[in-house]
Structures are given as C-alpha cells and as structure tokens.
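**Q** Going line by line, the protein sequences match chains A and B.
When you line the first sequence up against my numbering, it's residues 1 to 358, in that order.
When you line the second sequence up against my numbering, it's residues 359 to 526, in that order.
Quick caveat, the hints were computed from the structure, so don't treat them as lab data.
Fair warning: there could be bad hints in the mix.
Which chain A residues face chain B? A few, computed with CB under 7 Å, are given here [unchecked claim]:
no.	residue
1	Ile36
2	Phe133
3	Leu146
4	Trp150
Each residue gets a CB set at the ideal place from its N, CA and C atoms; glycine is no exception.
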Amino acid sequence: MFDFSIVTNWIHEWLLSLMPEGWAIFVECVAVGIGIILLYALLAIILIFMERKVCAAFQCRLGPTRVGPWGTIQVICDVLKMLTKEIFTPKGVDKKLYNLAPYMILLASFLTFACLPVSKGLEVLDFNVGIFFLLAASSIGVVGILLAGWSSNNKFSIIGAMRSGAQIISYELSAGMAILTMVVLAGTMQISEMVSGQASGWLIFTGHIPALIAFVIYLIAGNAECNRGPFDLPEAESELTAGYHTEYSGMGFGFFYLAEYLNLFIVAAIAATVFLGGWMPLHIPGLDGFNTVMDYIPGFVWYFGKAFFVVFLMMWMRWSFPRLRIDQILALEWKYLVPISMVNLLLMAVIVTLGWHF
Amino acid sequence: MTLETVVFYFLAAFIAVCSVLTVTTNRIMRAATCLLLVLFGTAGIYFLLGYTFLGSVQIMVYAGGIVVLYVFSILLTSGQGDVAEGLKRDKFLAGLAAAIAGAGIVVFITLKHKFLAPTELLPTEINIKLIGQQMLSGDKYGYLLPFEAVSVLLLACIVGGILIARKR
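Full structure from sequences and hints, please.
**A** Here it is, written out as structure tokens:
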C-alpha cells in the first residue's frame with residue numbers, strides 16, 4: 001500500500017529548506033485548504049451528475065443526454081449558469097445574518113470533509129478524538145439552516161428551518177449512537193487508527209449483527225441529516241416552495257445546494273470509513289495471494305469506490321420511498337431508532353467484552 | 359514571533375471583538391450568532407493548546423447544543439422586527455461598574471499570578487483513553503462524583519421539562 005506521507009514529508013522538507021518553519025506550515029495550510037476546496041467542488045459536480053442519472057434510472061428515464069457525451073457537460077454548464085446569476089437580497093431581511101448563513105453551513109461541511117481519510121498518509125485532521133470532532137463539527141450546520149430560515153423574513157423559510165432543526169437535532173442522536181457502537185468495537189476514536197485496525201477485516205464483518213444494525217441505522221439517520229430522501233420535508237417543494245433557502249438566489253442558493261450534496265458524500269464517506277474500512281483494501285484472513293493483489297489497488301480508489309457505493313445506497317433510498325410527515329419522522333426517530341440503537345450499543349459492548357467478534 | 363503566537367493573537371482579537379458585539383447589538387438573533395462566534399474562537403484556542411477533546415466538547419456542547427437551543431427558542435418566541443429598547447441610565451451605569459470590576463479582578467489575577475515557564479513548548483494531545491478513565495474513576499483526581507452529579511442535574515431538567523410540557 002503506497003504511503004502518501006512520503007510525498008507530504010518530502011514537500012515539508014523542501015519547504016523547510018526555503019523558509020522558516022512557521023511560514024512553511026502556513027504555506028502548507030493554505031495549499032491543503034485550496035486542495036480541499038477544489039476536491040469539494042469537483043465532488044459536488046460528480047455527485048449532482050450521479051444523482052440525475054440515478055434518479056432517471058429509477059424513474060425509467062435517460063436523464064441528461066444532450067450536452068456532451070452522455071450529458072457529462074450538463075452539470076458544468078449548470079454551475080456556470082449559477083455563477084453568473086444575480087445575487088438578489090429581498091427587502092426586509094436581516095442582511096448580515098442572511099449573508100452569513102450559507103457560509104456557516106459550508107464551514108461545518110468543510111470541517112467534516114477535512115476529517116475524511118482519503119488514502120494512507122493523506123489525513124488532514126487526524127486528532128486523537130477524531131470521530132468525536134467530526135460529530136461535533138457536523139452539528140454546526142444546523143445553526144446555518146436556522147439562521148437562513150430566520151433571516152429570510154419569509155414564512156415558508158421559517159417553517160422549513162424549524163422542521164429542519166427539529167429533524168437534524170433528533171437524528172444526530174441515533175447517527176452518533178451508531179458511530180459510538182463502532183467505536184466500542186474499534187477501541188479507538190482516532191480515524192487513522194480506526195482504518196488501520198481494519199486490516200484483518202472490515203468492521204461491518206468483524207462486528208457481525210450489531211455492526212449491521214448500526215449500519216442500517218446510520219444510513220437512515222444520515223439520509224435524514226442531509227435533509228434528503230424520505231426525510232426532505234424541510235424543503236418539501238409542494239408545501240414550502242424550497243424551505244429555508246427559498247429567498248436565496250445565485251451562489252447563495254448554490255452554496256446550500258453544494259453543501260447538501262457534499263453532506264451526502266460526507267455521510268457516505270464516514271459510513272465507508274467506520275463500517276467498510278476506509279482506504280483499507282478487502283482482506284480475507286488466510287488468502288495471502290488475494291490480499292497482495294488487493295493491496296495493489298491504490299487506497300483512494302478503494303475509498304472513493306466505497307463512498308460512492310454508499311452514496312448509491314442512499315440515492316436508492318431517496319428515490320424509492322415516499323416522503324414522511326413531520327410527526328412520523330420524529331416518531332421514527334424517538335420511538336424506534338433511539339431505543340434500537342441504545343440496545344444495539346449495549347449488545348456491542350457485551351459482544352466486545354465477551355470477545356464474540358471476529 | 360512563531361506561527362502559534364500569530365494565531366493566538368488573531369483568535370484573541372476575534373474573541374474580544376465578537377464578545378463586545380454580542381452585548382452591544384440590539385437584535386437578539388445577532389447577539390446569539392456573535393456568541394456562537396465567540397465560542398468558536400474559544401474552541402480555536404483549545405485546539406491551539408492541543409486540548410482537542412476540550413475543543414471538540416466546546417463545539418459539540420456549546421455551538422452545536424446550547425446556541426442551537428437559543429436560536430430555536432428565539433425562532434419560537436420572537437418576531438423578525440423585534441429590537442431591544444435602549445438601555446436606561448441606571449442600568450447602563452450598573453453594567454459599566456460590573457464590567458470594570460470584573461476587568462479589574464482579571465487584570466489583578468493575571469499580574470499577581472506567577473506563571474510557570476512551560477517545560478514542553480509543543481502542545482501535546484492527551485490520549486482519549488486516559489480522559490475516559492479519569493472521567494469515571496473514583497481515585498484521587500478522578501471525576502466520578504462531578505460526573506454523576508451532572509447526570510442527576512440533567513435528569514432533574516428532563517423531569518422538569520416533562521412536568522411543564524405534559525398534557526393535562
């Protein structure tokens with residue numbers, strides 16, 4: 001498995017030979033930041049294209065086909081259109097908060113995105129409390145949604161924001177609990193250690209029954225946290241026009257759209273890291289030849305492959321189920337998912353204590 | 359001047375400006391947002407010191423929990439156009455006196471306190487396992503009693519909430 005820390009260390013040494021350490025770290029921070037933003041934008045374009053094609057397939061359509069081969073240039077054109085649109089501020093909004101809200105959502109999204117271990121040695125934020133920091137950072141996003149709804153001075157926006165807030169705060173609980181279950185099994189919270197601990201088998205296989213239950217709960221809660229799928233009533237277009245981002249135009253709306261798709265990817269990537277082994281190739285204990293062949297596939301290919309597989313699962317969910325009512329959403333969370341995930345956490349603790357996992 | 363010092367001064371100035379904005383703005387939602395930025399700045403200082411656990415807790419509990427609760431209750435109770443009235447003279451004077459007294463105490467302690475020179479300059483991260491064991495240990499320097507006391511407090515809050523919100 002190629003270790004990218006060789007490359008990053010080499011860059012660090014090279015910068016140290018040119019300038020003092022403080023400046024070198026500063027330059028590296030800026031470079032990493034630009035890299036994250038570029039990857040973020042690129043992934044958003046891929047995800048929007050994928051969503052349109054997957055949605056089309058589920059509805060027996062073709063999706064975009066006209067612009068470029070198989071319609072691949074379509075999304076780039078949409079992005080250009082969005083960039084050139086006028087940013088319009090309606091009358092009576094709280095201008096400062098109205099302009100701040102999209103950035104708040106992007107901030108939460110960037111912070112969580114920086115935690116993802118794309119390949120060996122390519123972790124950006126790798127704390128001892130990694131997973132906990134990730135959960136903390138993702139909880140900022142809801143503030144942005146509430147601010148956007150409130151500052152827009154619009155009834156639809158405020159109802160959308162209230163629904164979204166209630167939904168995200170509730171579902172954070174079971175998503176966190178599902179991840180906690182896997183932390184019990186992995187025995188560490190540091191993301192890089194968690195991934196390297198899965199060399200002998202991904203956690204979803206070694207943890208068998210409770211890990212599978214946690215995976216399903218995490219997928220449901222993840223879909224709800226992105227305001228997607230059967231849980232998209234914060235922006236239920238038939239009732240609320242577009243929910244909390246009704247009053248935004250141009251790139252203001254673009255940021256919400258970007259963050260929504262990237263949050264989908266982040267949720268999928270966390271699932272890929274925690275349950276499916278991150279960049280760790282598929283290893284079957286005993287089959288050494290097979291394991292060596294698998295090691296030749298680079299880590300980031302495994303990582304993006306797994307993440308996009310989970311993204312596909314979540315899109316499947318979105319386009320297959322009808323939308324729930326708000327009381328049904330809250331009942332599903334508080335009466336079913338939270339008790340199940342609590343019992344599941346206990347079950348996992350018992351299994352780990354007795355050593356019944358692989 | 360190292361990078362850490364520059365970041366520290368930046369964060370300190372950010373916290374100071376946002377704190378002042380929190381109390382001087384007359385719209386409650388803006389005050390809540392500024393408070394959120396202050397809490398972010400504080401979390402930033404924790405990260406600078408290498409206290410990643412404390413920083414994460416700060417973001418999780420204060421930014422993701424308490425400020426969201428504030429914003430939610432503002433959303434439920436007040437309207438868009440609500441603007442706080444100007445301060446009365448006696449209130450203003452009392453607030454000013456309290457602020458000056460507080461600043462005086464802080465400056466006095468800072469000047470009086472003998473700061474130890476740090477033995478290790480680089481911030482060190484404490485292992486999460488150690489934090490967890492300290493949190494639930496009943497030994498010397500263990501935090502079991504405060505931990506349980508806080509849980510009782512939270513339980514009391516939950517019972518109180520149900521009592522107020524139940525249908526009669």
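**Q** For a quick check of understanding: which of the numbered hints are violated here, in increasing order?
**A** 1
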